[in-house]
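J.: Note that full-length UniProt numbering numbers the sequence shown so that position 562 is 562, with each residue one more than the last.
Hints listed in this document are in silico derivations from the structure and should not be mistaken for laboratory results. It is possible that some hints are incorrect.
Said to hold, decoys possible - SDA-like mimics (lysine to any residue), calculated; alpha carbons at most 20 Å apart, straight line:
1) 135 to 197
2) 93 to 52
3) 804 to 816
4) 135 to 86
5) 804 to 773
6) 856 to 826
7) 210 to 365
8) 322 to 309
9) 805 to 856
10) 210 to 103
Claimed, not checked - Derived CB-CB ranges, DEER-like:
11) 199 to 588: 56 to 62 Å
12) 775 to 560: 55 to 61 Å
13) 43 to 812: 30 to 36 Å
All figures in this text were calculated on a predicted structure; none of them were measured in a lab. Virtual Cβ for every residue (Gly too), placed ideally from N, Cα, C.
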Amino acid sequence: MNYRFHNLLGAPYRGGNVVITDNSQLISPVGNRVSVVDLVKSETVTLPCQSSSNIARIAVSPNGLFLLTVDDKNRCAFINLRRRVVLHRITFKDSVSVVKFSPNGEFIAVGTGQLVQIWRSPNFRKEFFPFQLVKTFAEFRGRITCLDWSPDSDYILVGSKDLAVRLFCMKKFSNEDIKRSTEKKRSLLKPYLLLGNRDYAVGVFFGVDKKTNRVCKAYTITHDCYIFSWVCGSEGRYDEMEDSNAEPTAPQTPDQGMVIDSEEDVDGPVNGVGSKRKCVEKKEGGFEEELDRLLHRRKWELARKDCFNQSPAKLTACDYHKGLDLVVVGFSNGVFGLYQMPDFICIHSLSISREKITTAIFNDLGNWLTFGCARLGQLLVWEWRSESYIIKQQGHYFDVNCLAYSPDSQLLATGADDNKVKVWTVSSGFCFVTFSEHTGAVTALHFMTNNHSLLSASLDGTVRAWDLFRYRNFRTFTTPSPKQFVSLTADQSGEVICAGTLDSFEIFVWSMKTGRLLDVLSGHEGPVHGLQFSPSNAILASSSWDKTVRLWDVFDGKGAVETFSHTHDVLTVVYRPDGKQIASSSLDGQIYFWDPVDGVLMYTIEGRRDISGGRLMTDRRSSANSSGGKCFTSLCYSADGSYILAGGSSKYICMYDVAEQVLIRRFQITLNLSLDGVLDVLNSKNMSEAGPLDLIDDGASDEEDGLLRQTRGNLGYDLPGSLPNRGRPIIQTRCLRIAPTGRNWAAATTEGVLIYSIDDSFIFDPTDLDIDVTPEAVEAALRDGQPSRALILSLRLNEDSVIKKCVFAVAPRDIPAVALSIPFKYLQRLLVAFADLLDSCPHLEFVLRWCQELCKVHGSSIQSNSRSLLPSLKSLQKSVTRLHQDLADTCSSNEYMLRYLCSSNCSSSSE
């Protein structure tokens, strides 16, 4: 029962900026979580820590150890990326538009409102005040939009909504330095202004000289598709411009005569925290010459001004690579461009989509470009030299509506209201194929037992079969008149396909081989939302809103052979894996368990109080008094049938013990307050006479460039026009599926597809443990040459590493004898260990021989206890199937290579 959150599928990107660390780790925010993609191994993992609302900005330290996340509520989390834990938290007073670590990793620049705050970066030490405010720049008249650090971390370039770009110096001047200078202190601290923009800056960047590695230029990229190139002229001091409208000029070289020391005093404490620095002269000459070398004391001049020529589109994302002197820009029309600077030569100009690009960055080497489109949930990594994709992932535009695991648990299929079917690899978290032939919402999915084909039902009136080898639609099942299908199943042989309808209340039966319509089952008086064949025979179970569950004999043509009546509408029905029990959920929040053989009600579970929780913004009653949504819309048995998962229109997923009818565990699928229905009690501070403040439209545009807010139809987001909750998605679980191996389960929620798995590294569950069962006793048995006793002791201890050590201590010739001595009650644990070994160890023949001997010795016991051993057997089957596929590909390639070598040798010998 120790399921933990493992991964998030179906939503690779939803907005905000993305970063790349270690040149291969792509980090992107997904709702209130953070996803990390390994671009080399092609794997994705979602960090287990959550924010209280959607994450808007992220930044990673230069050494790749720390991650900084800021959500919509200005709450900041400082995360250890290696350990995946939150170290520190802080809340900013205003909205954060940009955050960035300094190149030396010592400081963090945060653009919050109209201020730029410089914070000292926390570390691993436990401190009461981990974040220390070092400096605040308050020279702005508009919201901060972008910033950049100089390579030496001594200067910072900031752009804001007041159309000006300011250059600040991070150095601190002591009172002695002020006395030695002819300038006033305010003049020394005054930033340099880069003016002339007609729109605000989207990106500002320092440029360096490749020979000297010193700052010699700067680029400002504006929202109206212009790029300004600023360079340094001759060295020397300039007269300060009193008129703020005067045009700036002149280049410079970076300061080598001033260094930062954190042990000397600055201007006194800032915000209760004192920071200390000093100015040290390293070169000979007067102090005035040292001041003239400061970047913000030098003259800058505008070298050139170039236009990207994308009108009427706006520039929405950009990045600059200092080493290659390249600029990448993205526009609101989905076009991106790559330009060589400073000559402004267009290298590439391509279109990704018709929606605006919300992020565009380089990796450290500059050979990969990463683009994100929040409206489409699209994340691309493109190698511009070879013009090829490294990854290309796109989530469902609407909420996921249905799920299906493959029989070997390696694949997961998802269907949504965007008319698409996607197939994901569970281990890597990547989507490898998307089927978009449906013209209506996909409502049901079913994997065939051969693991090579997938069925999907849709509201467009078709049921389609997909070939997962050739990635094509090889068969389409239709009806004489258009129908809307909402449920789907197939028998164990894969010869008969059944689908239930929403409008005509009928069940249609087709032949898989011919595609012909065989029969139409009538009798229900409401939409047929649940449909499943019995795993043990050819009996079909269906549930309908007419308050009944019916059993049908499809092959003999007897029609409905049994009817189970309920007091409320039945929402779903599911068979236990052994076919000896049926579970159904009704609108009153109860789960009914039926005996399909005797046709009697076995017991019920009252789940209204378990699933209740969460109050919508539009609710007039509290969550405790509300009657809406307190029912289960999806049920799923475990692989052994001992417990059942249930979910519905709530933030909770409940796990029940079937035999005892008790609640074992309740999973809260999210803590994201950006979703509606997460809070049990609304905050009275957010209430007004007109209702909740979040529902009051203040007239301000939520999106720039005249784009509408992202909406998601009727599965959570309301369409523009009604907006009763201003587009806030409602948290709910639409579908639940447990993998046939029982090691993980998936939930289709508003947040995406959540994957929960069993983490064995945190489990210690000994069996038959007494004072003599210890790791020392296992070691002693191995030293005495008793591998059978050592293995049994390790199984009783139930420590994974000890079990594997004892398995490898057995000689190959002794495997049959040791397998014969293993009691049946330890067989399941040993099979799980072998399934794990097949995935990780290179001794394939050794492990397979173990499995063969166990099946020979305990064959009859396995057949009689197949229900309890089914999860471990499925796990073993999954591992063997994966290895068979890999070995088949390797042997096939070796066969062709050997033929080629033989033919080459024959031709050379004949010559």
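J.: It remains to establish, for every hint, whether it holds in the given structure.
T.: Evaluated hints:
Straight-line distance between C-alpha atoms of residue 135 and residue 197 comes to about 27 Å, which puts the hinted pair past the 20 Å bound. Restraint check: the Cα-Cα separation between residue 93 and residue 52 comes to about 16 Å, which is no more than 20 Å; the hinted pair holds. Distance check on the hinted pair: residue 804 and residue 816 sit about 17 Å apart at the alpha-carbon level, within 20 Å; holds. The hinted pair formed by residue 135 and residue 86 fails the criterion: a straight-line CA distance of about 25 Å is larger than 20 Å.
The suggested pairing of residue 804 with residue 773 holds, with an alpha-carbon distance near 17 Å, which does not exceed 20 Å. A threshold of 20 Å between alpha carbons decides the hint, and for residue 856 with residue 826 the separation of about 16 Å falls inside it, so the pair holds. The hinted pair formed by residue 210 and residue 365 meets the criterion: a straight-line CA distance of about 15 Å does not exceed 20 Å. A hinted pair counts as satisfied when its Cα atoms are at most 20 Å apart, and residue 322 with residue 309 does not qualify at roughly 24 Å.
With a C-alpha separation of about 23 Å, the suggested pair residue 805 and residue 856 falls outside the 20 Å cut-off, and the hint is violated. For the given pair, residue 210 sits about 17 Å from residue 103 by alpha-carbon distance, which is consistent with the 20 Å threshold. Between residue 199 and residue 588, the C-beta spacing of about 58 Å keeps the proposed range 56 to 62 Å intact. Against the hinted window of 55 to 61 Å, the Cβ-Cβ separation of residue 775 and residue 560 comes to about 59 Å, which satisfies the hint.
Between residue 43 and residue 812 the CB atoms are about 34 Å apart, so this pair conforms to the stated range of 30 to 36 Å.
The earlier numbered hints that this structure contradicts are 1, 4, 8 and 9.
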